[in-house]
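Protein chains: 2
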Amino acid sequence: MKRRDMLKFGVAGGAAAVAAPALAQSQPTIRWRMQSSFPKSLDTVFGGATTIAQKVSKLTDGKFEIQVFSAGEIVGPLQVLDAVQIGTIEAGHTAGFYYIGKMPALVFDTGVPFGMTPRQHNAWMRYGGGLDLMRDLYKQFNVVQIPCGNTGAQMGGWFRKEIKTVDDLKGLRMRAAGFLGSVFSKLGVVVQQIPAGDVYPALERGTLDAVEWVGPYDDEKLGLHKVANNYYAPGVMELGASLCFIGNEAKMRELPAQYREALEAACAEANLDMLAKYDAYNIQALRRLLAANVQLRFWSNDIMKALQTATAEAMQDFAAKDATFAKVHQHWKAFRDDQVLWSAVNDGAAERFLAANRG
Amino acid sequence: MKRRDMLKFGVAGGAAAVAAPALAQSQPTIRWRMQSSFPKSLDTVFGGATTIAQKVSKLTDGKFEIQVFSAGEIVGPLQVLDAVQIGTIEAGHTAGFYYIGKMPALVFDTGVPFGMTPRQHNAWMRYGGGLDLMRDLYKQFNVVQIPCGNTGAQMGGWFRKEIKTVDDLKGLRMRAAGFLGSVFSKLGVVVQQIPAGDVYPALERGTLDAVEWVGPYDDEKLGLHKVANNYYAPGVMELGASLCFIGNEAKMRELPAQYREALEAACAEANLDMLAKYDAYNIQALRRLLAANVQLRFWSNDIMKALQTATAEAMQDFAAKDATFAKVHQHWKAFRDDQVLWSAVNDGAAERFLAANRG
Numbered sequence: 001m002k003r004r005d006m007l008k009f010g011v012a013g014g015a016a017a018v019a020a021p022a023l024a025q026s027q028p029t030i031r032w033r034m035q036s037s038f039p040k041s042l043d044t045v046f047g048g049a050t051t052i053a054q055k056v057s058k059l060t061d062g063k064f065e066i067q068v069f070s071a072g073e074i075v076g077p078l079q080v081l082d083a084v085q086i087g088t089i090e091a092g093h094t095a096g097f098y099y100i101g102k103m104p105a106l107v108f109d110t111g112v113p114f115g116m117t118p119r120q121h122n123a124w125m126r127y128g129g130g131l132d133l134m135r136d137l138y139k140q141f142n143v144v145q146i147p148c149g150n151t152g153a154q155m156g157g158w159f160r161k162e163i164k165t166v167d168d169l170k171g172l173r174m175r176a177a178g179f180l181g182s183v184f185s186k187l188g189v190v191v192q193q194i195p196a197g198d199v200y201p202a203l204e205r206g207t208l209d210a211v212e213w214v215g216p217y218d219d220e221k222l223g224l225h226k227v228a229n230n231y232y233a234p235g236v237m238e239l240g241a242s243l244c245f246i247g248n249e250a251k252m253r254e255l256p257a258q259y260r261e262a263l264e265a266a267c268a269e270a271n272l273d274m275l276a277k278y279d280a281y282n283i284q285a286l287r288r289l290l291a292a293n294v295q296l297r298f299w300s301n302d303i304m305k306a307l308q309t310a311t312a313e314a315m316q317d318f319a320a321k322d323a324t325f326a327k328v329h330q331h332w333k334a335f336r337d338d339q340v341l342w343s344a345v346n347d348g349a350a351e352r353f354l355a356a357n358r359g
Numbered sequence: 001m002k003r004r005d006m007l008k009f010g011v012a013g014g015a016a017a018v019a020a021p022a023l024a025q026s027q028p029t030i031r032w033r034m035q036s037s038f039p040k041s042l043d044t045v046f047g048g049a050t051t052i053a054q055k056v057s058k059l060t061d062g063k064f065e066i067q068v069f070s071a072g073e074i075v076g077p078l079q080v081l082d083a084v085q086i087g088t089i090e091a092g093h094t095a096g097f098y099y100i101g102k103m104p105a106l107v108f109d110t111g112v113p114f115g116m117t118p119r120q121h122n123a124w125m126r127y128g129g130g131l132d133l134m135r136d137l138y139k140q141f142n143v144v145q146i147p148c149g150n151t152g153a154q155m156g157g158w159f160r161k162e163i164k165t166v167d168d169l170k171g172l173r174m175r176a177a178g179f180l181g182s183v184f185s186k187l188g189v190v191v192q193q194i195p196a197g198d199v200y201p202a203l204e205r206g207t208l209d210a211v212e213w214v215g216p217y218d219d220e221k222l223g224l225h226k227v228a229n230n231y232y233a234p235g236v237m238e239l240g241a242s243l244c245f246i247g248n249e250a251k252m253r254e255l256p257a258q259y260r261e262a263l264e265a266a267c268a269e270a271n272l273d274m275l276a277k278y279d280a281y282n283i284q285a286l287r288r289l290l291a292a293n294v295q296l297r298f299w300s301n302d303i304m305k306a307l308q309t310a311t312a313e314a315m316q317d318f319a320a321k322d323a324t325f326a327k328v329h330q331h332w333k334a335f336r337d338d339q340v341l342w343s344a345v346n347d348g349a350a351e352r353f354l355a356a357n358r359g
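Chains as they are written, first to last, in my numbering: chain B, 1 to 359; chain V, 1 to 359.
Next comes chain B alone, as it looks inside the complex (with noise of 0.2 Å):
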């Protein structure tokens, strides 16, 4: 056979394939449990778990049904990824940025200090190859990752006091996580790491000075304005937090591909749906914010730019000591630099048209 006969055969072959599933195999039933990284209580972040299962529910007629738990159901908030790795759990719905201390680079695949919008993270995701990098991150662990919602810019957090200068930062005793916290230190922020629940007592107290938490709508029903009320903008630190509902590898394989393929339908649905709700409910709350006497505040020039300065040398230590975070870092900020260019000519500068001229 020439090779021109073998190639026409191939495509015959594979029209063949495709019509196979008309002969109506029917599809297992399939239960998963799994577990989200974030509680009940909100709506937003915990609610996309819920979205992806009743999508995914819908998608199968009922065959794939995925059951949700929350924080602390099955595990601590923190070890999902341990849950799914060794298949106490076949999902998870976490954030990569919270596995700091067994993987740098994972934080990369929810965002960074002065990263990218959540626009441009799908963009990095989809078209730039940084699903691809993240997937060989995440395979480390035995879990296949798939994006599948974003907070958009979170804010910049409650301070008890107006943070004025560069300096007023220093000797400050501050909630921050992870790769934040790290950035905040190199300026004298005193990085505290007290679970939630404690955070309002502590505030109250005084034996913290500030704690940065999500936007209007989450931080809103924490009450934390009642005692931290000077509420910092815009959110440079936290550009976009990028969720992911992760699945473990094995399981995965096991899944008929229609039963995959709503998987990441689910969770593309689920990506695109948490923004808009951010989107719809902060306006409002940050409204119902303002009315119960918060300071809107916005961080000056200086500041950004001492908290940009500092980022860089954080993502440089982490890079001095990580070959991989240092590769993921150069993918990622090669295609960032180039977003961040687009926005400033077209899209972004649009909108700095708009927000200026509000009429």
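To be clear, the hints were calculated from the coordinates, so they are not data collected in a lab.
Treat the hints loosely; a few may be bogus.
If several chains are the same, the list does not tell them apart, and a pair holds so long as it fits within one copy or across any two.
[Said to hold, decoys possible] The list that follows gives simulated cross-link-like pairs (lysine to any residue, SDA-like), each with its CA atoms no further than 25 Å apart:
1. K251 x D61
2. K221 x N301
3. K327 x D132
4. K164 x A344
Position chain V relative to chain B; hints supplied.
Frame of chain B; chain V shown alone:
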């Protein structure tokens, strides 16, 4: 039976109905034809239609197949709505603003000058009531709409001469479609309606002075920079253009619930995917265009303000003549104004810092 018991019975009945599909009914094989309003040469925007068809096929194990046709293969590019309405084809891939002549309010389904970003548009659709409003409009054409893609902000267009002042727009012969055309004409632009294929020779001969098209990646293919090399930004006239899937209402009702879900999920993923592709490719194309001697120019603040005022006037013109337009515009504007404010406080402000401090 008391009302309370009836409710309980209702719930129990609902649970039984959910369990029913486990009886393994075999799903029907369905073949649809879908025509796009876009040519195959635009792999970005036309590609959205093939993305939808491929995803739907995979999600239904090949049982629901949608055959995709490009502009003109069955009906003309702007006859897609008609063809779906009367059932010539089951589905279409198009943009609402093409049908401004049939129903002006459909422009809000796509985007209007000084309008919403793709992200804000998604928020309006999913959590702002926009989708319900739009589906009510499309219902009058017997079609169901599903948002399925966005180009992001489009560039300001190609101009043979530099446009320094508002006066430079007077008498300019420009190809600009639909609502955009009515805004430009308020500033003295002589808006031309000529087929896409005639644009290049008209610019070359000098019988046309300017054209607005899409963005660097799509525009580069047409080679417009060779005959009009002043390329204007930012895209205030089109901060986003949302594409839509439309399905014939009767045909949509015939679909099993699972197939309908597959369509919705496929469109959501196509929505996310198209913008990611544009963002990744546009900046690369812009670099190539700049290397080919294109003059990247920015609208002056005066020109943007004049365009914004003309847009507000055009909105009022349409609203005065059409109660539906007035109703949708009011709803849309309240949401848009809130979103612009939120962006000015947080996400957009963070992006603005990065644009100014790229280091």
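How the hints compare with the structure:
Proximity of K251 to D61 under the C-alpha cut-off of 25 Å is found in both arrangements, the shortest distances being 20 Å within a copy and 20 Å between copies. For a Cα distance limit of 25 Å, the shortest separation of K221 from N301 qualifies neither inside one copy, at 30 Å, nor across copies, at 41 Å. With identical chains, the CA atoms of K327 and D132 are at most 25 Å apart within one copy only, with a shortest distance of 13 Å there and 46 Å across copies. In this homomeric assembly, K164 and A344 come within 25 Å of each other (Cα to Cα) only across copies, at 20 Å, whereas the closest approach inside a single copy is 28 Å.
Violated hint: 2 only; the structure is consistent with all others.
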